[in-house]
Amino acid sequence: MTSTCPSGHESDADDYCDVCGLPIPAGGGAPAPTPEPAAPVEPAPEPEPTSSACPNCQAANPPNALFCEACGYDFTTGSMPRPVTPPSPLDLDTPVPAPAAPEPPAAPEPPAPAPSVAPRLAEAWVAEVWIDPDWYADQDSSDPLPSAGVPVVVPLRSTSVLVGRTSRSRGIHPDIDLGTDNGISRRHCQLTTDGTRWWVEDLGSSNGTYLGSAIGPLPTEPVPVGEKREVGPDERIYLGAWTRIVLRRAQPGEA
Numbered sequence: 011m012t013s014t015c016p017s018g019h020e021s022d023a024d025d026y027c028d029v030c031g032l033p034i035p036a037g038g039g040a041p042a043p044t045p046e047p048a049a050p051v052e053p054a055p056e057p058e059p060t061s062s063a064c065p066n067c068q069a070a071n072p073p074n075a076l077f078c079e080a081c082g083y084d085f086t087t088g089s090m091p092r093p094v095t096p097p098s099p100l101d102l103d104t105p106v107p108a109p110a111a112p113e114p115p116a117a118p119e120p121p122a123p124a125p126s127v128a129p130r131l132a133e134a135w136v137a138e139v140w141i142d143p144d145w146y147a148d149q150d151s152s153d154p155l156p157s158a159g160v161p162v163v164v165p166l167r168s169t170s171v172l173v174g175r176t177s178r179s180r181g182i183h184p185d186i187d188l189g190t191d192n193g194i195s196r197r198h199c200q201l202t203t204d205g206t207r208w209w210v211e212d213l214g215s216s217n218g219t220y221l222g223s224a225i226g227p228l229p230t231e232p233v234p235v236g237e238k239r240e241v242g243p244d245e246r247i248y249l250g251a252w253t254r255i256v257l258r259r260a261q262p263g264e265a
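First residue of the sequence shown: 11, per this note's numbering; consecutive thereafter.
Note that these hints are calculated values from the structure, not bench results. Fair warning: this is a prediction, and the values are worked out from it, not measured in the lab. Check before you lean on any hint, since a few could be wrong.
[Said to hold, decoys possible] Per label pair, the in silico range of CB-to-CB distance:
hint, residue 1, residue 2, range
1, 112, 65, 29 to 37 Å
2, 129, 155, 36 to 44 Å
3, 112, 88, 28 to 36 Å
4, 226, 130, 14 to 22 Å
5, 154, 207, 31 to 39 Å
6, 211, 262, 28 to 36 Å
7, 190, 167, 20 to 28 Å
8, 153, 133, 30 to 38 Å
9, 167, 242, 21 to 29 Å
10, 167, 112, 50 to 58 Å
11, 112, 90, 24 to 32 Å
12, 156, 262, 23 to 31 Å
13, 85, 112, 31 to 39 Å
Ideal Cβ placement from N, Cα and C applies to all residues, glycine included.
Modelling step: build the complete structure from the supplied sequences, incorporating the hints.
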């Protein structure tokens, strides 16, 4: 019986090769052939999913669905379907109302009323404007006293008379203009009448308006501003630095 050495020589000896001298492994037979490596075991394929979740609403859908059955999500484009705009009431076959009749043009505004003009007196009256030296002395004015002479007679033609001094810049044109007396305000006082009696009202003058008797001491208390005070038949109006006014009925040829 022969043995085979590791180099493949046939040897009669079973301990060393007769040809090359290599030791022969125990058993004396030829080495068993190297086994072929086993083929790798492939993992079993995962089972296919039975459903897929919608990324928009998380609803379960068939694996190959193109759209979500719950919300309509498009699995192919990855977007929601475009919303459908419901028809507006104007798109429906509703009767169209007839256009409204145009509004009538607005009536023109009435013209502004003209400034009220005091009615004229039925009976003529006049105002005598005097320079009163006694009143001047009592006022202690620094202006020189004009020469006292006959009074200036001013016809009174309306039931309301403004007493003051003219101011063209302010548009003040009093009926009784006392421009020479610097103690008179531009709008000093107002005289009103019912045709038989007269009243005086101070309009907020600087030096006041006074009523005094024709005989007796000069007045010292002014007429309160805004209060109408009746002028008696024997009373006189004192104002400014030297002015005294007497109201009376006109004589023939004065009005």
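- Message: Of all the hints numbered above, which does this structure not satisfy? Sort the numbers upward.
- Response: 1, 3, 4, 11 and 13
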